[in-house]
Amino acid sequence: MSAVIKPADQRKRIWLLRGLGLLLVPLVLFTTSAWGDESIMAEVLEPLGALVVIAGVLGRFWAMLYIGGRKNGMVMQDGPYSMCRHPLYLFSTIAATGLGIMLGSIVLAVMIGGLTYVVLMQTAQKEEEFLRAAFPDTYAAYAERVPLIVPDLSLFSTPEEVTFFVSNMRTNMADALVFLAFIPLAEAIGGFHEILGWSALAIY
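If you're matching positions, the sequence shown starts at 1 in our numbering and goes up one per residue.
One should not assume that every hint holds.
Unchecked claim - 20 Å max Cα-Cα, derived EDC-like pairs, lysine to aspartate or glutamate:
1. K71 to E187
2. K126 to E187
3. K126 to D137
4. K71 to E127
5. K71 to E128
6. K126 to E144
7. K71 to E129
8. K71 to E161
Worth flagging that the hints you see were computed from the coordinates, not collected in a lab.
Please model the complete structure; the sequences and the hints are all you need to start from.
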């Protein structure tokens, strides 16, 4: 008798990501860009990072329009899910990477984005195990045709109408606000360092 494969515990993923978010707070407070606040690199990286965060947040909303309330109940193959199997996790990783860029640090961008990717890919693996067991033929064909996380734009397809669950969008809105809250925080942190006389660790 084969073991029953259960859906991935999304609460664990959510709390892990929130924990990573809390770890960002001391990174923001006690580090600074080694390029210097007035350097060309800082002037480029900060707005670029904010744009990357916003792009990631918008991408998460796009993915949630399709998958919200339907996880583990079907094999979603429309919209962003027609181009890669885990677009929600792709855009979450993009947004997390943007936080590091916004802080003016390539090292932080790689570290934050990398940690987020590792956590989300562990969840993705468990989700795929469940979906392969629940929808063996459908998911096998889907996985063979559609890449894991790097999107293939040529595969895009979507129906004319998409329905979504309001409760799931509310949850996504709360997560989005966490990402977006770091934009004004990153802008203000340099002033805090000067006012309070904090010494900060310089990171490239």
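Item to check | Violations among the numbered hints, reported as their numbers in ascending order | outcome: 1 and 2
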